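Student: Chains A and B supply the protein sequences, listed in that same order. Note that the UniProt record's numbering has the first sequence beginning at 1, numbered continuously upward. Note that the UniProt record's numbering has the second sequence beginning at 1, numbered continuously upward.
No lab work stands behind these hints, which were simulated from the structure alone. Fair warning: there could be bad hints in the mix.
Below 25 Å or equal to it, Euclidean Cα-Cα: the simulated SDA-like pairs (lysine to any residue) are [claimed, not checked]:
#1 B:115 with A:195
#2 B:76 with A:194
#3 B:210 with B:110
#4 B:76 with A:201
#5 B:76 with A:211
#6 B:110 with A:179
#7 B:110 with A:22
#8 B:110 with B:139
#9 B:110 with B:124
#10 B:268 with B:305
#11 B:76 with A:195
#12 B:115 with A:182
#13 B:76 with A:203
#14 B:115 with A:233
#15 B:76 with A:197
#16 B:113 with A:182
#17 B:76 with A:182
#18 B:210 with B:14
#19 B:210 with B:27
#20 B:30 with B:14
#21 B:113 with A:195
#22 B:76 with A:193
#23 B:113 with A:198
#24 B:113 with A:125
#25 B:76 with A:57
Non-contacting residues of chain B with respect to chain A, defined by C-beta distances greater than 12 Å in every case (computed) [claimed, not checked]:
#26 7
#27 23
#28 53
#29 71
#30 80
#31 85
#32 97
#33 102
#34 110
#35 168
#36 224
#37 234
#38 277
Here the structure is a predicted model, which is why all the values come from computation and not from measurement. We put the beta carbon where it would ideally sit given N, CA and C, even for glycine.
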Amino acid sequence: MSVDARQSFATLRMPSGFGGLLPALVLITLFFLVPVVALLLRSVTEPEPGLQNYAALFGDGTYARVFFNTFLVASVVTAVTVVVAFPVAWMLAIMPPVLGSIVFGVIILSMWTNLLTRTYAWMVLLQRTGVINRTLIGLGVVDEPLPLINNLTGVTIGMVYIMLPFMILPLVGTLRAIDPMTLRAAALCGASPIAAFRRILLPLSLPGIAAGGLMVFVMSLGYFVTPALLGGTSNMMLAEMIAQMIQSLLNWGLGSAAAFILLAVTMALYALQLRLVGAKRLAGGV
Amino acid sequence: MTQPFLSIRNIRKTFGAVVAVHDVTVDIPKGEFLTFLGPSGSGKSTTLYAIAGFQDPSSGDVLLQGSSLLSVPSHKRNIGMVFQRYTLFPHLTVAENVAFPLRVRRRPDKEVKRKVDDMLALVRLEGFADRRPGALSGGQQQRVALARALAYDPPILLMDEPLSALDKKLREEIQAEIRRIHRETGVTILYVTHDQEEALHLSDRIALFKEGRIEQIGSGEDLYLRPATDFVAGFIGNSNFLPAECLETAHGSATIRLADGSVVSGVKANHSLSRGQKARLMVRPEAFRLTPGASCAELAVEFIDTAFFGERRRVVARTAAGQEIDIRPTSDAADGHGGIASRSRQVFFDPAAAFLFPA
């Protein structure tokens, strides 16, 4: 009865329908949909009407390598982020709340620090004469400086660091919802810690991994700053290529087509995840 | 010399300065249903967790058929457990949940399938094999948990307040199921609860916990009819405690003076009480009679409220000393409706059925 009362109270006070969405809709239409449509139009009209820009992107081996590299970096970054984020998220989920909020604060603080600053910091750390290489040589672990920058390693390190919060946050939510008693039950059922992780904890945390993973993967696909500063010329990513086409080569048609492909891939991935999560809910699962 | 099946030896558990379990020792024969009963914080769950391997005791030992369990990690103890909260694996079906302990033991598929069918039949959930735990009621979930805990034929089954999240009717239904399953499987069960009715209904023996120690261990009858301390008398069954003064004791029998000045002789006294010592006389509400009988003591009371509860009446009465007591005479013992309703009257009790404890 009190729920009913609360509901009718809510309908009394809140404006009904989609009226509340209007400001956001106007903003998105003006500053997102219109430019995206303009971009799409440019990709099929410049320098002349037709699909030649797309044909060029799909037909050329150089562009294909950039696409491949983009997906490779995004995949590696996502995988490494999951592996690094999982133990952190687990610790956060089982920590006493006070300690947990401190660690949480540290993670959030790193998100709020300027991206460029953090990336330059990695340049200092990773370069041939950087802190890491000098320490390793000083300790006698390696004789030659390790190639940590201007390659895939550098991009991965820099991007995983930036992406971690986006993976940890959704994962903590999922892990907190798992009753630790469930794991004790698994142990008493005879599951070793590894079996309990593989058969119980991992499947139960999949929604969080999927949500965080998609976020990280999609953000990585379009990332510009970190690959540009820490990556090498041989493994250029899509965002760098788009910037180059538009800024240096003034080829708006080709740049727009590449940007549009990136957008389409991103939306396709999102649709796929919606479908997977939706299907799981329908099955009455988690 | 026979060695006990499961032996809990001087278990002590401290959390910092807090002592959760002082010193618990108990031997459990094979096939027994033993209940750890007690108020919350009395150390019963902590003792159970020491057996499960979730919390190692600070000192003491747990021996199963003579060998210590303490150095064995939880997943190798081969113990079954049903928890207070629903701990089924939400991403697995009922059948997969029951099969889980067999799968991690890498039993052959055929055996797993047969065992799962047997277990679901045991808990009467045959038609639910393909459901997810989320689609089951609380009572059904606990029955699946029971099936999962018994699937690998563990020598011991631990149950930590498994019915506390269920409503009363369902609780009674599943109590009957647990009794039946105990009878059919012969598994040794250690059961934790704070509900004395549940303990009396289910157990062969009850260990009543108080402040990290076992206050008394025995059958439900022992605890009800022969309580060792006033705590046991107060915890098991209903009880009235009347302040008294000891006048004389001899051969386990005492003469006392109650607060209203009346003198009662022939009271059972297990404790050594000296002359003049303050004491408390415990009389069960159902031990009071409305009509006098042979060798009955009498008590002058004033009836404040009476209610009819079928086979018994429930009367709230006040003694001449101003203490409110609970009286539950059988309904047919009432000398007519007028007798019950009269405000000031005598009630009677057999001193040999009352218990005297030091105050």
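Student: All hints, please: hold or fail.
Tutor: Taking the hints in turn, this is what the structure says about them:
no.: 1; hint: B:115 with A:195; in the structure: holds (21 Å)
no.: 2; hint: B:76 with A:194; in the structure: holds (13 Å)
no.: 3; hint: B:210 with B:110; in the structure: violated (48 Å)
no.: 4; hint: B:76 with A:201; in the structure: holds (19 Å)
no.: 5; hint: B:76 with A:211; in the structure: violated (35 Å)
no.: 6; hint: B:110 with A:179; in the structure: violated (31 Å)
no.: 7; hint: B:110 with A:22; in the structure: violated (61 Å)
no.: 8; hint: B:110 with B:139; in the structure: violated (29 Å)
no.: 9; hint: B:110 with B:124; in the structure: holds (21 Å)
no.: 10; hint: B:268 with B:305; in the structure: violated (30 Å)
no.: 11; hint: B:76 with A:195; in the structure: holds (13 Å)
no.: 12; hint: B:115 with A:182; in the structure: holds (22 Å)
no.: 13; hint: B:76 with A:203; in the structure: holds (23 Å)
no.: 14; hint: B:115 with A:233; in the structure: violated (62 Å)
no.: 15; hint: B:76 with A:197; in the structure: holds (16 Å)
no.: 16; hint: B:113 with A:182; in the structure: holds (23 Å)
no.: 17; hint: B:76 with A:182; in the structure: holds (17 Å)
no.: 18; hint: B:210 with B:14; in the structure: holds (15 Å)
no.: 19; hint: B:210 with B:27; in the structure: holds (18 Å)
no.: 20; hint: B:30 with B:14; in the structure: violated (29 Å)
no.: 21; hint: B:113 with A:195; in the structure: holds (20 Å)
no.: 22; hint: B:76 with A:193; in the structure: holds (11 Å)
no.: 23; hint: B:113 with A:198; in the structure: holds (22 Å)
no.: 24; hint: B:113 with A:125; in the structure: violated (57 Å)
no.: 25; hint: B:76 with A:57; in the structure: violated (59 Å)
no.: 26; hint: 7; in the structure: holds (20 Å)
no.: 27; hint: 23; in the structure: holds (26 Å)
no.: 28; hint: 53; in the structure: violated (8 Å)
no.: 29; hint: 71; in the structure: holds (16 Å)
no.: 30; hint: 80; in the structure: violated (7 Å)
no.: 31; hint: 85; in the structure: violated (6 Å)
no.: 32; hint: 97; in the structure: violated (9 Å)
no.: 33; hint: 102; in the structure: violated (9 Å)
no.: 34; hint: 110; in the structure: holds (19 Å)
no.: 35; hint: 168; in the structure: holds (23 Å)
no.: 36; hint: 224; in the structure: holds (33 Å)
no.: 37; hint: 234; in the structure: holds (32 Å)
no.: 38; hint: 277; in the structure: holds (49 Å)
Hint violations for this structure: numbers 3, 5, 6, 7, 8, 10, 14, 20, 24, 25, 28, 30, 31, 32, 33, all remaining hints satisfied.
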